[in-house]
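Asks: The hints should help you fit chains B and C with the ligands onto chain A, whose structure is shown.
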Amino acid sequence: MIRSLRIIAANPLSLTGLILVLLVVLAAALAPWIAPFPTHNGAIVDFAYANQAPNARNWMGTDLVGRDIFSRILYAYQISLLLGVVVLAIATPIGTVVGLLAGYLGGWAEAVLMRIVDIFLSIPPLVLAIAVMGVLEPTLTNAMIAVTAMWWPWYARLVYSIARSEREEGYVLAAEVIGAPTAHITFREILPNCLPAIITKMTLDMGFVIIIASSLSFLGLGVQPPTPDLGSMVAEGARYLPDSWWLTVFPGLAILLAVFGFNLLGDGLRDVLGVDE
Amino acid sequence: MSLLRINGVSKTFQTAGGPVHAVRDVSLEVAQGECLAVVGESGSGKTTLANMILGILAPSAGEIVFGGTPLTDRRSPAQRRAIQLVQQNPLSALNPKRSVGGSVRLGLDVYGIGTRAERWARVEAALEEVGLPADMRRRGPAALSGGQRQRVGIARALACEPDLVVLDEPTSALDVLVQARVLRLLNDLRRKKGLTYVFITHDLAVVRNVADRVAVFKSGRLEEIGPTERIFSAPEQPYTRALIGAVPVVDDAELKLRNTLAEAP
Amino acid sequence: MSDILDIRDLTLAFKGHRGLTEVLHGISLRIAAGERVALVGESGSGKSVTARIILGLLQETGSARVAGQVAFDGRDIMAMHPRDRAALRGTEMSMIFQDPTSSLNPTFTIGRQFAEVMHRRAPRLSRTACNARATEMLEEVSIPDPARVLDAYPFQLSGGMNQRVMIAMALVNHPKLLLADEPGTALDVSVQAQTLRLMHDLVEDHGTAVLFISHNLGVVREFADRVYVIYRGRIVEEGATDAVFHAPGHAYTRALMDAVPRITGVGLPEVPEVSDAFLAPMVRHGSAS
Ligand SMILES: Nc1ncnc2c1ncn2[C@@H]1O[C@H](COP(=O)(O)OP(=O)(O)OP(=O)(O)O)[C@@H](O)[C@H]1O
Ligand SMILES: Nc1ncnc2c1ncn2[C@@H]1O[C@H](COP(=O)(O)OP(=O)(O)OP(=O)(O)O)[C@@H](O)[C@H]1O
Ligand SMILES: [Mg+2]
Ligand SMILES: [Mg+2]
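Chains as they are written, first to last, in full-length UniProt numbering: chain A, 1 to 277; chain B, 1 to 265; chain C, 1 to 289.
Chain A with its partners taken away, still in its complex shape (with noise of 0.2 Å):
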């Protein structure tokens, strides 16, 4: 662990990495605490401070019913971080579990479960996640299972291409001429070689999903006001472009800050774990 550790901090752009994720972990955290108007998260409005540019008061500027931005975004990272923890929850072990089966089994399995994964990567994941919030509500709960919904495939399918090449390992051979439960090779023999491309690839991951959910909620399928969603905020504001810039600029940067922070850190593990793409 402080070997890991001294690994990322030895490379610049890892090291830069771990800082901006644990400034998004902590903003979150801490948002009741640190936010300057903590009650902006809901349905208030102040009219007498609305659409206000960045002062001393509203660092980032307030909206267009004078709650405060940066606040706002505070709150904001709270919901993201939620739905990338719930997605990537739910979807790695669906999608690990589907790709040691296809990878150790072969055969049948391989052909009917590797089938459907392709069949789910082969819609773009917008168009799948904009399908499955057409016919459910669009609220936060739905946007996870949109999210969910694309995402464990990309898992199936990294697990899957490790799961085959370990298959052929001498270690699998000598479980199975020991006569090792199916569950003990795939779980406890083969798991743990895949893990360190896992954890890898959720680090990005999690970057991606704050990008995906905020298109969603970009487009009003996502989280619904007044509940604060970088996407959302974007898509509100842009609309007063140019002139009420720091409605779209300062949200778009929160954006941008957690998806760089979180690929930097990922890149930084991949060395770590020593996986190789």
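There's no promise every hint is true.
[To be verified] Chain B regions said to be covered by chain A (calculated; three or more residues, Cβ under 8 Å): (1) 69 to 80; (2) 92 to 106.
[To be verified] Below, a sample of chain B positions facing chain A; criterion: calculated Cβ distance under 10 Å: (3) Gly55; (4) Asn89; (5) Arg156.
[Stated by the list, open to error] Estimated spans, in silico, between C-beta atoms of each pair: (6) Ser42/B - Leu105/A: 25 to 33 Å; (7) Arg6/A - Ser63/C: 18 to 26 Å; (8) Leu23/A - Lys15/C: 34 to 42 Å; (9) Ala134/B - Pro281/C: 35 to 43 Å; (10) Leu15/A - Asp73/B: 50 to 58 Å; (11) Leu136/A - Asp73/B: 44 to 52 Å.
Since the hints were made in silico from the structure, they are not lab data.
Every residue gets a Cβ at the ideal spot worked out from N, C-alpha and C, and that includes glycine.
Replies: Using the frame of chain A, we list chains B and C with the ligands on its own:
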């Protein structure tokens, strides 16, 4: 009495390019306590035969009888336990994400050998038996040399207390010096525990020094089988003679033996 | 003296996380024109890195610290510009690797790869001339149907065939020195014996000098005129093959020799663990070399 009897066994693989007859109608017996060497060129079906003995592959025809009972596709844990494998490539044979002890212990857990509490002690005993320190069980395989890994592989097989050990080219990936030590270890263990070996290799010089009998394979067929002495002094098949003639030798006595064999009709 | 290769006091260290690791501790090695010399030793003793220095590859690796003298055909390899070293590879000196199939490019036909090699020496050579020359070389390595092989991809040929193709390709530009790093260990014993015999005769005909790297003493005995034994980055014994095999002088060479199982069936040897005697000074046989 023969411990293992292979009765008219064949294996055909169905591939895109048509059927591949990897093993064709092979019959042979291995006596309790003997070391039978299986030799032959690459692709002659040695590993396929081994995998059928181990129950990894099902024969397309024929039967394999072990200790008097025919083995079916579904083997009992006791039947599996009795036949263990030592592999060729010590690099891939151990899971890099598992401690050495964890790899050796797997068989004990699967077969329920000893009580839970006893098993680590058994793992350590198995490591010591192959000349490794007991505390190596906590280490990962990454830091071990090829020879040490191969010893762990042997310990893993022996911890299961097998009757028959299939050795698929156990030393061909090792350096000469390491190979010599591992071969001696295998010989000593066989004597001490009364084990039976099926020793697959393409190195006839090794065969000469470890095997009681030799089975020569060519394109999936058993060309010739007989006591080691006889195979090396009077090989019946030209193919066997060619195999012996191809062995690189280091001393003059060997050169003489090779040349006499080459000149024989 | 017409030495094609003259290495003196070559040292090599790798820079890693924990400082420098010394790999070669000052080895000296000479090969006369047309001579077949073997470098024998156990895994990790420094055989392959020596070959990579001769090829001028390690000098360009950032973490490697190379020092000493390496003269190839009278030219100082160490002082050469990387571009000039690159120009030597595949023309004046060539290399054969352990695994023939993976050292050929799977996406090109054998004929195309032959042409590429020949163009390194003669960039203007026409296609028909290339094919004629390649066919000639393939015939020399006893490939029965050269025209078919030239149109084939490596994976369509057996390991033994690919090994012969590699040999033919390595010799097509008439190199002065051939570096063979454990050739054929990926092959069957009988195929290996065959290809080595063929390579032996071929380099004799062409007058090519060979540095033959192996850990298999039996193979070395059949192939080489002279032997260097290397142990942990030091040459411990050097001499004519006959002399070394009949009267090994160094404890390490003797241990290596004893460890080889004999087809006469004299039993398995007792092999000493690493012993201090292995670090004894180098033994040199005669002055015939
Ligand atoms: N799963 C498989 N599917 C198709 N063909 C196979 C399969 N396994 C082996 N074969 C073929 O069966 C033949 C025998 O292979 P096998 O691995 O038993 O040879 P071997 O004697 O062990 O060779 P080596 O010395 O190279 O290990 C070969 O022609 C091989 O290509
Ligand atoms: N690029 C490198 N960086 C660090 N160490 C290296 C590098 N290349 C080789 N070494 C080290 O140099 C030593 C000699 O390696 P070399 O490949 O020459 O061994 P060898 O004699 O060819 O062994 P083998 O028979 O296994 O091929 C080894 O200890 C190896 O770990
Ligand atoms: Mg095999
Ligand atoms: Mg090497």
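Asks: Against this structure, judge whether each hint is valid.
Replies: Structure-based check of each hint:
no.	hint	result
1	69 to 80	holds (count 3)
2	92 to 106	holds (count 9)
3	Gly55	8 Å, holds
4	Asn89	6 Å, holds
5	Arg156	7 Å, holds
6	Ser42/B - Leu105/A: 25 to 33 Å	29 Å, holds
7	Arg6/A - Ser63/C: 18 to 26 Å	19 Å, holds
8	Leu23/A - Lys15/C: 34 to 42 Å	35 Å, holds
9	Ala134/B - Pro281/C: 35 to 43 Å	39 Å, holds
10	Leu15/A - Asp73/B: 50 to 58 Å	56 Å, holds
11	Leu136/A - Asp73/B: 44 to 52 Å	48 Å, holds
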